[in-house]
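There are 4 protein chains.
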Amino acid sequence: MVVVMKQDATESDIEAVSERVRGAGGEAFVSRGAVHTIVGLVGDTDRFQAIDWKQMQGVDHVIRIGKPYKMVARDLHPETTTVKVGTTPVGRDTFTLIAGPCAVESMEQTVAAVEASRAAGATIVRGDVYKPRTSPYSFQGLGEEGLAILEEVRRQTGLPFIVEVVDLNQVEGVAEVADCIRIGTRNAQNFELLKEVGLAKKPVMLKRGLAMTIDEWLQAAEYVAQRGNSEIILCERGIRTFEPATRNTLDLAGMAVAQYESHLPVIVDPSHAVGKRHLVAAMAKAAVAAGADAVMIDVHPNPEEAMVDGAQALLPHEVVELGEQLAAIAAAVGRAMNR
Amino acid sequence: MVVVMKQDATESDIEAVSERVRGAGGEAFVSRGAVHTIVGLVGDTDRFQAIDWKQMQGVDHVIRIGKPYKMVARDLHPETTTVKVGTTPVGRDTFTLIAGPCAVESMEQTVAAVEASRAAGATIVRGDVYKPRTSPYSFQGLGEEGLAILEEVRRQTGLPFIVEVVDLNQVEGVAEVADCIRIGTRNAQNFELLKEVGLAKKPVMLKRGLAMTIDEWLQAAEYVAQRGNSEIILCERGIRTFEPATRNTLDLAGMAVAQYESHLPVIVDPSHAVGKRHLVAAMAKAAVAAGADAVMIDVHPNPEEAMVDGAQALLPHEVVELGEQLAAIAAAVGRAMNR
Amino acid sequence: MVVVMKQDATESDIEAVSERVRGAGGEAFVSRGAVHTIVGLVGDTDRFQAIDWKQMQGVDHVIRIGKPYKMVARDLHPETTTVKVGTTPVGRDTFTLIAGPCAVESMEQTVAAVEASRAAGATIVRGDVYKPRTSPYSFQGLGEEGLAILEEVRRQTGLPFIVEVVDLNQVEGVAEVADCIRIGTRNAQNFELLKEVGLAKKPVMLKRGLAMTIDEWLQAAEYVAQRGNSEIILCERGIRTFEPATRNTLDLAGMAVAQYESHLPVIVDPSHAVGKRHLVAAMAKAAVAAGADAVMIDVHPNPEEAMVDGAQALLPHEVVELGEQLAAIAAAVGRAMNR
Amino acid sequence: MVVVMKQDATESDIEAVSERVRGAGGEAFVSRGAVHTIVGLVGDTDRFQAIDWKQMQGVDHVIRIGKPYKMVARDLHPETTTVKVGTTPVGRDTFTLIAGPCAVESMEQTVAAVEASRAAGATIVRGDVYKPRTSPYSFQGLGEEGLAILEEVRRQTGLPFIVEVVDLNQVEGVAEVADCIRIGTRNAQNFELLKEVGLAKKPVMLKRGLAMTIDEWLQAAEYVAQRGNSEIILCERGIRTFEPATRNTLDLAGMAVAQYESHLPVIVDPSHAVGKRHLVAAMAKAAVAAGADAVMIDVHPNPEEAMVDGAQALLPHEVVELGEQLAAIAAAVGRAMNR
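Chains as they are written, first to last, in my numbering: chain A, 1 to 339; chain B, 1 to 339; chain C, 1 to 339; chain D, 1 to 339.
Possibly wrong hints are sitting among the right ones.
Heads up, the list lumps identical chains together, so a pair's fine if it works in one copy or across two of them.
[As the list claims (entries may be wrong)] In silico SDA-like pairs for lysine to any residue, Cα to Cα no more than 20 Å straight-line:
hint, residue 1, residue 2
1, Lys70, Glu144
2, Lys54, Glu305
3, Lys201, Pro301
4, Lys54, Glu15
5, Lys6, Ile63
6, Lys276, Glu318
7, Lys6, Arg64
8, Lys6, Gln55
9, Lys195, Pro78
10, Lys54, Thr88
11, Lys195, Ala119
12, Lys201, Gly228
13, Lys195, Tyr260
14, Lys67, Gln7
15, Lys70, Arg133
16, Lys6, Val62
17, Lys195, Glu324
18, Lys54, Thr94
19, Lys202, Glu318
20, Lys201, Thr134
21, Lys6, Asp44
22, Lys70, Met56
23, Lys84, Ala328
24, Lys6, Val35
FYI, nobody ran anything at the bench for these hints, they're computed from the structure.
All figures in this text were calculated on a predicted structure; none of them were measured in a lab.
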């Protein structure tokens, strides 16, 4: 940590800062520049961060040099982590296709979407039963009935499934049946929910919030890790920008940064990022080429009838075709696709 | 609602759309342009919105003409609403100052902040006991102990108080003691929490999310209103943009738009918007001049020691000075400040 | 300047950095932290900035402590500057209303807009003759014919005028007749144009670019100042964000930051910021309350017929009414309106 | 075009709109909805767009159904265009690698960068001699001396080159020697410069502005096409967002949208988009997988000594390695790399 003093800071201001550093058990190194004096802090960063240095007389600003997250950072954990969803590994050694319906609407629709996904090479199923919807007038999900459908489909296909929770009271029940719990974009800084899934005994997929920096995303993951659950998969799904042509702006470089800063697997959801069917395949292919550990794709047997986000769902034959292309690109970048 | 057909849409595509409109109990008006044909939909908008028109063959895009919210919209409720927090009205007839500590840290700190706030003309107290923090290593609030402090301060001063809830299991308990429940920025699309406060018997203050459009903000308010609680105060507190000089970018025009589109009172929190003490007063003054129904200000007797957001808290003498200026500007724009 | 070394930087990496500092005539202060070592640089910042430190082995990142602009910064020029446009001062001692047509369309339209503006208390006229338009199919301005109209109107009213240049070949000619040259948003980083107006003998108004940080805006001003023209007025006019309800997002706190960081006058253009007539007055009032040195307002005698931006132009009676309100608020914040 | 009337619009308001449509030689189709009445306009869209409908009494808003650009749109020009830079085709049939120094600093540096680029498979050279720099204190380019270096390198290698212009007075001179003229991000809405390159006899590469929507980008291209130069290459290079971890946010889906909406070739500049060497290769690979027609890469023999943007330049061996990976991915997606 570095404290930068104002141009007109006095010697006693500088001494007060140094004194406070020592009071927190650290050492202060003062460098006097032509314009600004800076104080370098050596010691327990946690204690330093608890102090609001900017409040002190003569302090211009503070520069945090270390990362605000630890357990999920690569610094102290250089090798990458592989998270197992059911028996499917998600990590940097393989490339995984996750696919299925955006929302579980019925047994028939779910089976049709999952069959196509499996034919495309998917080894994990997605499908939601609790939907956080911007409008209170929109379909909110099938709830427990949907969970039963997902269980039955898993029994039939052997594929593990991921499902979103939107309320901390759901966590325990969902963790009992699902293979992986997902925290959605709008709950990415719902810290109480993060704490609760931190206590669950199942892997957690944490989507990036619409307005979250990568730094904040990793701090949200830290909430989960801190509670004891380090089986975390990060999912980039687009951020909010001024561009209206796509639902969100897919930040693929953000995915790469998260892989660089964290040891956790990082995947991409192109369907929710772009929101338009004709762009999904291009972004899925980009994601695997860029090194994503998995992509997650919405599939619907009849998108015109979809109750949620039909405009972005691939048709069964489209996901099968995409699966082949993803495998080819994965091979071209030296990575095997999970089968 | 208007469905715009693609340039190469066929007659049977157009007829299919019209047929579907009729199937939903509506009427379809077809206008054939030089390039695009459009279909105007007349009937029950709710039923139309449940259909994913973009999925239909030949459809280019859909234009929603009505607003996606109803109960909070001015269209069907032209006169403005005044919400009472304790005995203090928040609405367009008066201007209200809300002030107090960002977080309740102790009885002494809270009393000092509230005394200064009252001297400044504040008629509602703010003070939080559950803090949603970006980092899991930051102070998370005093919890129930803090609530007891707020109750005691209300007993002493007679001023009603507002407090944030971060977990739906807190709502019932907080609603019993607080005069107004607040939903914070990071939970602004935590729909389960919105539904829960919709059942509470106390007014709700709903902050705008960091990446929320005004349209989405009003839909979030609709979640609360739909459950039966129409005592809602909207609070603009800055959105996330590329500009790093301030914590967020205060969208004062967004406040004005929300007042125009909704009948609910709309207030401004300049402290959290800018995050820097030396900018708070300027933005508070701007807010009252622009017509905000209230401003909400962080106050701390000793910001250097603050456990949360000390950099933006006004000192006691600063809030008193600001209160005088706000009253003068309120008078200049023909509005009385609540006293 | 501070160079932060990587966690695994070696002693020879640190020595290489120090050596380079000395090679640039400076001194290097090394502080060894628990995790990172930092090197503080003292000496000629210009020479340090020319070096790409991040390229050196073992360097994690570099922190620039000083400001990247000098001539326009308050650091070395603490008292505020007042710029005279004709005989009208624009600065922190007074509050100035600038008003007139967005584009000069005809003598009649210009005279009508200027008469209303003068009645409202405006002491500077705006009116453009070269319009940078997003679409090549839109009206591009009257050119020299428009300049002649502005000169005639000045002769009649005595009010100085401001006009935009869009091409460096226009600068000399416009500077001969106009009282102030404006650089528009889309040319705010057209550095060749900035250099050219830096040589002009007339004041320059520099609008903030749509995606410009305040830091970059002040660097653009530095281009002008560096060429010898320090008569610069900064104009905040909204930045681009995700919010579609307004044309841009007015960053009023950004205006306040620019006033804090720079000694130059800073004004606000609410008309272009919001793009909607019914929001302009509220934002103009907010601007004066926040301390803006002037506001600039579009006026049109018949907005329905306006060739450019009619939706945001105030009607004659509206600007007159606004002028009164601005004067009242200016008085409430202890500031006289230029008359 | 569709005009949506306000809820309280009167019959005479609706008739006035219809009358105005007929006055512009068109036909008006009125559909009366439960809440809003809409008027569909059929006729000459150009004439309709010149009218500011929002100014008319009773009009709520206007919906433009057609695209605001024509010559660059796919609607009237469905087959894709291939632009030749020297003898190298840039288009959807092949994949092209463009590489070279960000700025031309010396003959040695340029030759070294170009040799590595050629070894990597590059068939077009990049290298700038006029640099638009945020700070007036930064290196501004070698100017004509740099052009001579590029010509000499072309003589030696046979590779055509692209160079940026920043001032309209440079266009004629640069067009005489360069194989393609580039308009940079900060000049992407410098309309006078766009018009000037529209008259040049050489292809133009048009970078997307930092805050430009795709719609605005294509309108900028329309400025060039309208003047007679339809040899335009679009280049996505990142947009400005709230995320600080990368220099800009690469909008790869934006590239795909531009390819969908326009017949022009669209390429990607990952170097300037991310600004960090360790992310460039991942984004270049993503771009080819997503279908970009070319990628453009900064190369420097000694990035530590680079005068501009050294942090993002690949080393010679890195670009060679990247060239192989790009060829492999291009093959995987069924596309030949130009050699």
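Status of the hints after comparison with the structure:
Taking the shortest alpha-carbon separations for Lys70 and Glu144, neither the intra-copy value of 36 Å nor the inter-copy value of 30 Å comes in at or below 20 Å. Within a single copy, Lys54 and Glu305 get their C-alpha atoms only as close as 56 Å, which misses the 20 Å cut-off; across copies the closest is 10 Å, which meets it. Taking CA atoms no more than 20 Å apart as the test, Lys201 paired with Pro301 passes in neither setting, with 33 Å inside one copy and 45 Å between copies. For the homomeric pair Lys54 and Glu15, the shortest alpha-carbon distance inside one copy (15 Å) is at most 20 Å, but the shortest distance between copies (32 Å) is not.
For a Cα distance limit of 20 Å, the shortest separation of Lys6 from Ile63 qualifies both inside one copy, at 13 Å, and across copies, at 15 Å. Taking the shortest alpha-carbon separations for Lys276 and Glu318, only the intra-copy value of 13 Å comes in at or below 20 Å, while the best inter-copy value is 35 Å. With identical chains, the CA atoms of Lys6 and Arg64 are at most 20 Å apart both within one copy (17 Å) and between copies (14 Å). In this assembly of identical chains, the alpha carbons of Lys6 and Gln55 lie at most 20 Å apart only when taken from the same copy (12 Å versus 29 Å across copies).
Taking identical chains as interchangeable, the C-alpha atoms of Lys195 and Pro78 are never at most 20 Å apart, the minima being 25 Å within one chain and 43 Å between chains. With identical chains, the CA atoms of Lys54 and Thr88 are never at most 20 Å apart, being 48 Å at best within one copy and 35 Å at best between copies. In this homomeric assembly, Lys195 and Ala119 never come within 20 Å of each other (Cα to Cα): the closest approach is 37 Å inside a single copy and 40 Å across copies. For a Cα distance limit of 20 Å, the shortest separation of Lys201 from Gly228 inside one copy, 9 Å, qualifies, whereas the shortest one across copies, 37 Å, does not.
Taking CA atoms no more than 20 Å apart as the test, Lys195 paired with Tyr260 passes in neither setting, with 25 Å inside one copy and 39 Å between copies. Taking CA atoms no more than 20 Å apart as the test, Lys67 paired with Gln7 passes between copies only; the shortest distance there is 12 Å, against 27 Å inside one copy. With identical chains, the CA atoms of Lys70 and Arg133 are at most 20 Å apart between copies only, with a shortest distance of 16 Å across copies and 33 Å within one. In this assembly of identical chains, the alpha carbons of Lys6 and Val62 lie at most 20 Å apart whether taken from the same copy (11 Å) or from different copies (19 Å).
Taking CA atoms no more than 20 Å apart as the test, Lys195 paired with Glu324 passes in neither setting, with 39 Å inside one copy and 44 Å between copies. In this assembly of identical chains, the alpha carbons of Lys54 and Thr94 never lie at most 20 Å apart, being 46 Å within a copy and 33 Å across copies at closest. For the identical chains of this complex, Lys202 and Glu318 are neighbours neither inside a copy (31 Å) nor across copies (41 Å), given an alpha-carbon limit of 20 Å. Taking the shortest alpha-carbon separations for Lys201 and Thr134, neither the intra-copy value of 30 Å nor the inter-copy value of 24 Å comes in at or below 20 Å.
In the homo-oligomer, the alpha carbons of Lys6 and Asp44 lie at most 20 Å apart only across protomers (18 Å), although the nearest pairing inside one protomer, at 24 Å, exceeds that limit. When the C-alpha separation of Lys70 and Met56 is checked against a cutoff of 20 Å, the pair qualifies neither within a copy, at 27 Å, nor between copies, at 26 Å. In the homo-oligomer, the alpha carbons of Lys84 and Ala328 never lie at most 20 Å apart, since the shortest distance is 24 Å inside one protomer and 30 Å across protomers. With identical chains, the CA atoms of Lys6 and Val35 are at most 20 Å apart within one copy only, with a shortest distance of 9 Å there and 26 Å across copies.
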